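Which chain is which? The protein sequence lines are A and B, in order. In terms of our numbering, the first sequence is residues 1 to 330. In terms of our numbering, the second sequence is residues 1 to 330.
Hints listed in this document are in silico derivations from the structure and should not be mistaken for laboratory results. Model, not experiment: these values are computed from the prediction. A portion of the hints provided could be inaccurate.
To be verified - Restricting the straight-line Cα-Cα distance to at most 30 Å, the calculated cross-link-like pairs of lysine-lysine (BS3-like) are:
id, chain 1, residue 1, chain 2, residue 2
1, A, 103, B, 300
2, A, 103, B, 304
3, B, 293, B, 112
4, B, 188, A, 112
5, B, 106, B, 319
6, B, 293, A, 112
To be verified - For the chain B half of the interface with chain A, some residues (derived, Cβ under 8 Å), not all of them:
id, residue
7, 20
8, 22
9, 72
10, 75
11, 82
12, 84
13, 96
14, 245
15, 275
What the hints assert, rightly or not - Every beta carbon over 12 Å from chain A, so not counted as near; a handful from chain B, in silico:
id, residue
16, 16
17, 28
18, 41
19, 71
20, 99
21, 103
22, 111
23, 125
24, 169
25, 173
26, 183
27, 224
28, 272
29, 320
Here a beta-carbon is modelled for each residue, glycine too, at the ideal position from N, C-alpha and C.
One letter stands for each residue in the lines below.
Protein chains: 2
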Amino acid sequence: MATIRDVAKHAGVSVATVSRVLNNNGYVNDETRKKVMSSIERLEYQPNELARSLYKRSSKMIGLIVPDIMNPFFPELARAVEDIATRKEYTFVLCNSDDQLVKEQKYFNVLKQKYVDGFIVVTSTLTAEHTNGMNVPIVALDRPIAKHIPSFMVDNYEGAKIAVQHLLDNGCKKIAHIRGPEQVYNAKLRLQGYIDTVSHYPWFNENLIVTGNYNLSLAKEVAIKLLKNNPDVDGIFAGNDVMAIGVIKAAEELGINVPNQLAIVGFDGISLGETTSPTLTTIQQPIYEMGSKATELLIKIIEKDRTLQDDLHVQYPAKLLKRQSTQRKA
Amino acid sequence: MATIRDVAKHAGVSVATVSRVLNNNGYVNDETRKKVMSSIERLEYQPNELARSLYKRSSKMIGLIVPDIMNPFFPELARAVEDIATRKEYTFVLCNSDDQLVKEQKYFNVLKQKYVDGFIVVTSTLTAEHTNGMNVPIVALDRPIAKHIPSFMVDNYEGAKIAVQHLLDNGCKKIAHIRGPEQVYNAKLRLQGYIDTVSHYPWFNENLIVTGNYNLSLAKEVAIKLLKNNPDVDGIFAGNDVMAIGVIKAAEELGINVPNQLAIVGFDGISLGETTSPTLTTIQQPIYEMGSKATELLIKIIEKDRTLQDDLHVQYPAKLLKRQSTQRKA
Chain A
1 MATIRDVAKH AGVSVATVSR VLNNNGYVND ETRKKVMSSI ERLEYQPNEL
51 ARSLYKRSSK MIGLIVPDIM NPFFPELARA VEDIATRKEY TFVLCNSDDQ
101 LVKEQKYFNV LKQKYVDGFI VVTSTLTAEH TNGMNVPIVA LDRPIAKHIP
151 SFMVDNYEGA KIAVQHLLDN GCKKIAHIRG PEQVYNAKLR LQGYIDTVSH
201 YPWFNENLIV TGNYNLSLAK EVAIKLLKNN PDVDGIFAGN DVMAIGVIKA
251 AEELGINVPN QLAIVGFDGI SLGETTSPTL TTIQQPIYEM GSKATELLIK
301 IIEKDRTLQD DLHVQYPAKL LKRQSTQRKA
Chain B
1 MATIRDVAKH AGVSVATVSR VLNNNGYVND ETRKKVMSSI ERLEYQPNEL
51 ARSLYKRSSK MIGLIVPDIM NPFFPELARA VEDIATRKEY TFVLCNSDDQ
101 LVKEQKYFNV LKQKYVDGFI VVTSTLTAEH TNGMNVPIVA LDRPIAKHIP
151 SFMVDNYEGA KIAVQHLLDN GCKKIAHIRG PEQVYNAKLR LQGYIDTVSH
201 YPWFNENLIV TGNYNLSLAK EVAIKLLKNN PDVDGIFAGN DVMAIGVIKA
251 AEELGINVPN QLAIVGFDGI SLGETTSPTL TTIQQPIYEM GSKATELLIK
301 IIEKDRTLQD DLHVQYPAKL LKRQSTQRKA
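Isolated chain A, as found in the complex (with noise of 0.2 Å):
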């Protein structure tokens, strides 16, 4: 391989000459920059982007710290991701974090100690005390961080009501809520909206409410459960697809029919949710244009395109998305 020495023998210039080619700064003149280009070319020189990385401090690389790789909506989001990055020649690198602290603090280590230039990061755990001080830019996708870091999500809160309500129309007497982790902040908001929309009614009570943990299996389980102790339950809201499915499960494994005994919504609007059977009803959240929005603002501040506001919290609308789970028969 040739090394920057060579270049500069081939050009017939110094070595120091070479570097400020390389780097764009100092005076070098047209035609000097052209001889040292032209070498760089014939002798396919790959300058050395790690040392340039320890003098620049910069790597062209942003991190994806995401809690759950498993959970179809996160390669969805990073495939966004992914995709903004390439288009702006950064490399991107996902981590999986188990929505543990210490995972996520290990990954910003490491990560910045290659210089990673930014972060993409959906957190339950992570506070502004601990993003203090990092001095790299962080964008917060899916659940906010703190005020001083921007972030995108969909209106939980309203996506969760928007839910709640569609149950309530297609005439249902008696809704359930799976909610997600205790700690997740939009599943808090989730559970507050099916609570706002249903606490007036004599028939609500706290049993209504199971804990499925943003995971599949358990969702089921809990399900089964609620739904035998509960068996004049015809609506379940739950907390996200992937929990939504294992209600479908639920409900398959107990032989209620699912939407006409028992209708179902769940949150995210995962490519998934069009593969089962009924096809479920959810509250769609713009996923790709979240990720790639988030992606474009991390790269602007990253290159000082554009300089970090207080005020930049972007929250989209939801929307609900009809499908099979909530299509009753009349």
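Given the structure of chain A, go ahead and fit chain B onto it with the hints provided.
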């Protein structure tokens, strides 16, 4: 943040001594070493990893390149790779190639320049020609690259034969095949397994083989056409689970009962196959086992715990996982 100078000053030794301790080379007496270590701890000194990797030409990072992050098969593989990498204190970088040589080569170049220690690659386009002279350990997963590159994969040919035989054993009288992409090696083996099992039947003809490109929507589309043109087809072997789910959706749209009018077998054993109704009979690959063994081997090679052997190609037996999509009523 503390620097190496601060550590030297605190311990009352030279910077060179601290460096010898950090890099574990040259002579340092035990007492001095202890003093340095305690100063490192006290000052919470973090050696500059990037500078160290420049020096050592290593970064404690491994890259996993997959063709399609949206196919759940690959997140399931990635999960296994990440678990082992984390346990061995490597950072794990996930890259999505869209099965394009250009993207694969870009990732190789960018990550090699960051001194990534090794790669696990799922590729259909990379050959010995591309990997020769790369000077970084590579392990192939799911699809082979070259004789001298270790590989972990399932017995695709036998798996396909088992799948088709299972359809015959279930009384299917005319079996079609939705195949994966033309250029993908495992898709060719699965196709060959199908052909070798059915080619002696009088009903066999080439129109029963259609391409679904390992894609759900395309598989659904071609399955609808196939079933309309060949209403007597009563069994379909799909080259992967994602396509098999496309076939289930196609049957649903055409009002064909699965499994009684049409039995379906997929390939992979991703957990998605449990979420469909009916659940999907499939050929199960030991996904987690393959991913973790490949990672363990890669790290052993990186750490020179073992040398590369020409004959290191692990092939796992394929297992039939019977579920509802082939459970016909007698």
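Checking against the hints above, which ones are violated?
-> Hints 4, 5, 7, 8, 12, 19, 21, 22, 28 are the ones this structure does not satisfy, whereas the remaining hints hold.
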